[in-house]
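Generate coordinates for the entire structure from the input sequences, incorporating the hints supplied.
Going down the list, the sequences are from chains C and W.
Count the first sequence with the UniProt record's numbering and you get residues 1 to 218, in order.
Count the second sequence with the UniProt record's numbering and you get residues 1 to 218, in order.
Worth flagging that the hints you see were computed from the coordinates, not collected in a lab.
Here the structure is a predicted model, which means the values were calculated and not measured.
Here a beta-carbon is modelled for each residue, glycine too, at the ideal position from N, C-alpha and C.
Hints are not guaranteed to be accurate.
[As the list claims (entries may be wrong)] Below, in silico cross-link-like pairs of lysine-lysine (DSBU-like), each with a Cα-Cα straight-line distance of 30 angstroms or less:
#1 W:K35 <-> W:K136
#2 C:K79 <-> W:K79
#3 C:K79 <-> C:K32
#4 W:K32 <-> W:K79
#5 C:K136 <-> W:K136
#6 W:K79 <-> W:K136
#7 W:K33 <-> W:K79
#8 W:K79 <-> C:K136
#9 C:K79 <-> C:K33
#10 C:K136 <-> C:K79
#11 C:K35 <-> C:K79
#12 W:K136 <-> C:K79
[Stated by the list, open to error] Reference excerpt, derived from the structure (chain C facing chain W, CB under 8 angstroms, subset only):
#13 I93
#14 A179
#15 T185
#16 S216
As a plain string of letters, each chain reads:
Number of protein chains: 2
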Amino acid sequence: MNAPQSATAPPAGPGNPIQAMLEAPLSLRERKKLKTRQTIRREAYRLIAEQGYENTTVDQIAAAAEVSPSTFFRYFATKEDLVLTDEYDPAMIDAVLSRPAGEPFLRSCREALIGLLRQLLEHEREELLVRLRLTKDVPALRARMIDTGNEPQRLYLTALTRRAGVREPTYAMRITAAAIGAATTETVLQWAEGGGTEDIAELVHRTFAILEDGFSGS
Amino acid sequence: MNAPQSATAPPAGPGNPIQAMLEAPLSLRERKKLKTRQTIRREAYRLIAEQGYENTTVDQIAAAAEVSPSTFFRYFATKEDLVLTDEYDPAMIDAVLSRPAGEPFLRSCREALIGLLRQLLEHEREELLVRLRLTKDVPALRARMIDTGNEPQRLYLTALTRRAGVREPTYAMRITAAAIGAATTETVLQWAEGGGTEDIAELVHRTFAILEDGFSGS
DNA sequence: CCATCTTTTGAGAGTTACTGTCATTTGACA
DNA sequence: TGTCAAATGACAGTAACTCTCAAAAGATGG
Numbered sequence: 001m002n003a004p005q006s007a008t009a010p011p012a013g014p015g016n017p018i019q020a021m022l023e024a025p026l027s028l029r030e031r032k033k034l035k036t037r038q039t040i041r042r043e044a045y046r047l048i049a050e051q052g053y054e055n056t057t058v059d060q061i062a063a064a065a066e067v068s069p070s071t072f073f074r075y076f077a078t079k080e081d082l083v084l085t086d087e088y089d090p091a092m093i094d095a096v097l098s099r100p101a102g103e104p105f106l107r108s109c110r111e112a113l114i115g116l117l118r119q120l121l122e123h124e125r126e127e128l129l130v131r132l133r134l135t136k137d138v139p140a141l142r143a144r145m146i147d148t149g150n151e152p153q154r155l156y157l158t159a160l161t162r163r164a165g166v167r168e169p170t171y172a173m174r175i176t177a178a179a180i181g182a183a184t185t186e187t188v189l190q191w192a193e194g195g196g197t198e199d200i201a202e203l204v205h206r207t208f209a210i211l212e213d214g215f216s217g218s
Numbered sequence: 001m002n003a004p005q006s007a008t009a010p011p012a013g014p015g016n017p018i019q020a021m022l023e024a025p026l027s028l029r030e031r032k033k034l035k036t037r038q039t040i041r042r043e044a045y046r047l048i049a050e051q052g053y054e055n056t057t058v059d060q061i062a063a064a065a066e067v068s069p070s071t072f073f074r075y076f077a078t079k080e081d082l083v084l085t086d087e088y089d090p091a092m093i094d095a096v097l098s099r100p101a102g103e104p105f106l107r108s109c110r111e112a113l114i115g116l117l118r119q120l121l122e123h124e125r126e127e128l129l130v131r132l133r134l135t136k137d138v139p140a141l142r143a144r145m146i147d148t149g150n151e152p153q154r155l156y157l158t159a160l161t162r163r164a165g166v167r168e169p170t171y172a173m174r175i176t177a178a179a180i181g182a183a184t185t186e187t188v189l190q191w192a193e194g195g196g197t198e199d200i201a202e203l204v205h206r207t208f209a210i211l212e213d214g215f216s217g218s
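As structure tokens, this is what we get:
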């Protein structure tokens, strides 16, 4: 193989999945890789903040991070991945699956989401805000987001399927995951648009209340 | 101005909006433009069917349609737009808005959707199937779809906002539009995946039933 | 510490989607 | 028929990727 794996997160326990990911003993090589990845991302965000997303070229980012453009693409398959990739997807699935068995799916999602967001906010509130705002403002990113593995829809579908203990999701599962996923995305984007000043847990509650009562308010 | 407008659909009445678009007296220039547009799309679909989306270059398409690459980009802003652009968005908004005033929004959407799909199926069933299947299979397309103006989410949001007679959509409207829009997209994609053999009206009914009862089945 | 093996990196060349400009052509219209 | 605006094509450029190959650097066994 010729490329460093794109950060396959170690399967984290349900206790504090994010924290767990920050530990783990690392070889020198691994540490260097991680550092390179962080440097690239940091420099990229700096440049993007100064010049905007479209005006910042990969070559500039590579130069600022002191790596070759080739190396940039070894760490991020596309420029968009800079903003969109996320290491916490497995944690979200775990969080949903570790909810009590009989609980309605909607509630499991809500609680898992609130728990995960609380942790994310503690550790990297600012970065999350920047990323979400970019996601909302840059068309290419908003577009791409849907397809990447980190979109909520796919997470929910995986969780639903596993919870039911089946291999292939049913039609109803697909529809459910699509709807809840989109609502989740919209919720965090709205939070970011408000500058992160609102209580995100409260927003999540409002969202799920709408879903739960079948949109009867409209 | 230097470029032909990308098919701004004439505002169609609620009667039979699609049919209305197919009539209208056209000047020679307009007819030629329309023909060029159709030729490009037809040749593109042919090449894509033979070689796949990624392996088909814009230059090839332009050559096959006997226009210059410049002209290609005057008709389709991006290669993706070949597959994704859709002339019927205004018709969908109209269809929702022309439902009875007191009707629950969910039902208005359902009926509007079924009505529009029925017409689409009559006129261009095959093309619709091809497009949907491409949309589902080609990552770049699936990604891009969300951002373009033709995605259901934006349509529903517009309809909701206008129906309420306000300027800015509320938080609840955004969440509602996101959820219903995603469910709609998933529904038609599922239909296409089944090769169009299932009754799409029935699928739509199942989808909206799930939404209506608050996902209590999960 | 050294030799060797594997992973990571950089250099460079090539492809493709797209942008902008400008001169030429072609339909519209009086 | 002459004039104007819209449509087209040729061409040059940019930037995001892809591929290949050789050099550098960490891992590993002696």
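task: Hint by hint, work out which the structure violates, then give me just those numbers in ascending order.
output: 13
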